[in-house]
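Residue numbers (our numbering), protein chains in the order written: chain A, 1 to 484; chain B, 485 to 578.
Note that these hints are calculated values from the structure, not bench results.
Hints may contain errors.
[As the list claims (entries may be wrong)] Interface residues of chain A toward chain B, partial, derived using beta-carbon atoms under 7 angstroms:
hint, residue
1, Ile17
2, Pro50
3, Pro59
4, Met77
5, Glu88
6, Ile122
7, Ile123
8, Thr125
9, Leu234
10, Pro346
11, Val412
12, Leu414
For clarity, every value in this text was computed on a predicted model and none was experimentally measured.
Virtual Cβ for every residue (Gly too), placed ideally from N, Cα, C.
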Amino acid sequence: MPYIAKLEKAGIPTVLIDLEDQHEMVKQEALAAGVPNIRYIPASRTIPGPEDVEEWIAPMLEMLTRPLTEKEKESGMYTPAQDRILFEGTLDEAQEFYQQTRIVPEPLNAPISVYTDGLPIIIPTEERVKEMLKGTSHKPEELITYQSDRGGRFDRSLNKGDVVRFQPRLFTATVEKVAVNAVMAGCKPEHLPAVLAIAESGVQTGTTVFNNQWMCLSGPYAKEVGMNAGLGMLGPGNPAGMAIGRAYQLMAINLGGAIPGINRMSSIGSPINRVGLAFAECADKLPPGWKGLNEEFGFKKDDSVILVMGTEGGLNGAQFSPGGYRALQKSGHGGMARKLGVKGIPGPHNWLDWILPDIWVGEREGGRIFIMVHEMAKHLYDIGYKSKGEVLEYIWKKSFEPLKKYRDRSWVDLTTNGWLGNEPQSGKPWKELPDDYMVPAGGDKPDSSCIIVCGSDEEICFEITGSVRGMWGSQPVYSIDAWR
Amino acid sequence: MAEKDQIYRCLNPVGIELPVKTSPLAPRLDTLDGKTVHFSITGEPDITIALDKRLKADYPNVNWTTKKSYTPMPVQLSEEEMKTTDAVILGVCW
């Protein structure tokens, strides 16, 4: 949209071809870009191209020649008003007000909460927000800005001091606004530094596919506030984890203006985003020499940080039974031992060889977040992997497949930009490489993936599909300490 | 006053929408004939390949230019190229 706006403002008439269910998003982005009346026409999701084009080619071109209406000639300032106090009344009246819904038309056609995630919230009275603000030394009126340089890609570099623009509406927010959402989520004041660090991420909600927003805390703060890093850490029950996770989703709705069916177009949605997902790594049970996320991303061991992720893809796991895993490692029995050819030989065995490279077969290429219990991490250490980096290197090398097979994937047409440009490993043009050239399906480099250790004892490894990369390719780890 | 009847001031959780300077659309062309019209392709080859063919076949008096991306990010016209471009079609965005 910024490009369309640039062209129109330069005196070049344009027309945009979108998809019909995207019209509301187009209108919102056009307004934000300063050209609210852009002309657009929908293409079909289903009708074959030649027939579809036949339907609208003439009206599309007419949009370049039909004289402007009076409305389209207008200019001015769009200055939306906003009150600090949203509602005044009893708590019961407030609950009813904050839980109001709007009907979002097709392709959704159902009520969606205006201010909440669909559930009741803790009403953000002035008193409660004032109490919440005790959790940070930052002033309530301070705008949320990046606390460090974040990097980025395309034309979006995020630098220290830049004001955070919350996706998708590019709103801004103050510390107080974040505190309001933290109250609503059920947070306590001591949770606010984590919630502010999450806010610093811009709380993106992804595109049209299957974006999962989740967070992992690393460093002493997690224990300070009582996060669960043990059994069930991805599940319900832990107040700190539930409230901090929920704060992300409420901020996405309120600070970002994300509305399913309007500008949050994840087709089927994701269960990970229901009520949010925040957990902590179990640093206490890392094998010797294995670094925590904080150290991996350039922080110190005692620094408290939060990894804020939006991964495109699902959650895989339970490929093997815990009992089957124990049989493999204790005495070399069961299906896992048969596959690895170690029948009757006690472990430790490299259990990664049982799940690799199958995790990429029929699944999306790219990095994975491996969440493994501490026992399984220790087995890898005992085999000889003295660092997470060595494990990731091994995983990455196991992901290589022939280019002929790689071309049969789907996202690769987009991620290689139609096979234009050069293959990252060799530096050679994609189109000049032979069919048997080996390509890493597991991402461009080993640290496209990541390992998080869980303190639980039941032998399981989950894989979250997606690379370790923040919004616009920026650094995805944010300092909680910066917001204390 | 009973606790349930107490009145509270409740804060607004919604982000701050910054003011936006809005611009009029660029004046439209009187005709496409003899003009340079740029087709900026962003993915959806099933549609854009068909459209590209039809534009060139059905409107031969237009000087068609094209830049292609398979991603949603368009390959933008340079400042120089904008000087000689009369109109732009961008699609398909999603």
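Now the hints, each set against the structure:
1. Hint status for A/Ile17: holds, given a least beta-carbon distance of 3 angstroms to chain B, under 7 angstroms.
2. Below 7 angstroms, beta-carbon pairs count as interface contacts, and A/Pro50 has one with chain B at about 5 angstroms; its hint therefore holds.
3. With its C-beta approaching chain B no nearer than about 12 angstroms, A/Pro59 sits outside the 7 angstroms limit, and its interface hint is violated.
4. For the restraint placing A/Met77 at the interface with chain B, the shortest Cβ-Cβ distance is roughly 6 angstroms, inside the 7 angstroms limit, so the hint holds.
5. Using the Cβ-Cβ criterion of 7 angstroms, the hint placing A/Glu88 at the interface with chain B is satisfied: the shortest such distance is roughly 5 angstroms.
6. Below 7 angstroms, beta-carbon pairs count as interface contacts, and A/Ile122 has none with chain B, the closest being about 11 angstroms; its hint is therefore violated.
7. Interface hint status for A/Ile123: upheld, as the beta-carbon distance to the closest one in chain B is roughly 6 angstroms, under 7 angstroms.
8. With a least beta-carbon distance of about 4 angstroms to chain B, the hint placing A/Thr125 at the interface is held under the 7 angstroms criterion.
9. Evaluation of the A/Leu234 hint against chain B yields a violated restraint, the C-beta minimum of about 26 angstroms exceeding 7 angstroms.
10. At a threshold of 7 angstroms, the smallest CB-CB gap from A/Pro346 to chain B is about 50 angstroms, leaving the interface hint violated.
11. The beta carbon of A/Val412 is not positioned within 7 angstroms of any beta carbon in chain B (closest approach about 10 angstroms), and the interface hint is therefore violated.
12. Annotation: A/Leu414 was flagged as interfacial toward chain B, and the flag holds, the nearest CB pair being 5 angstroms apart, inside 7 angstroms.
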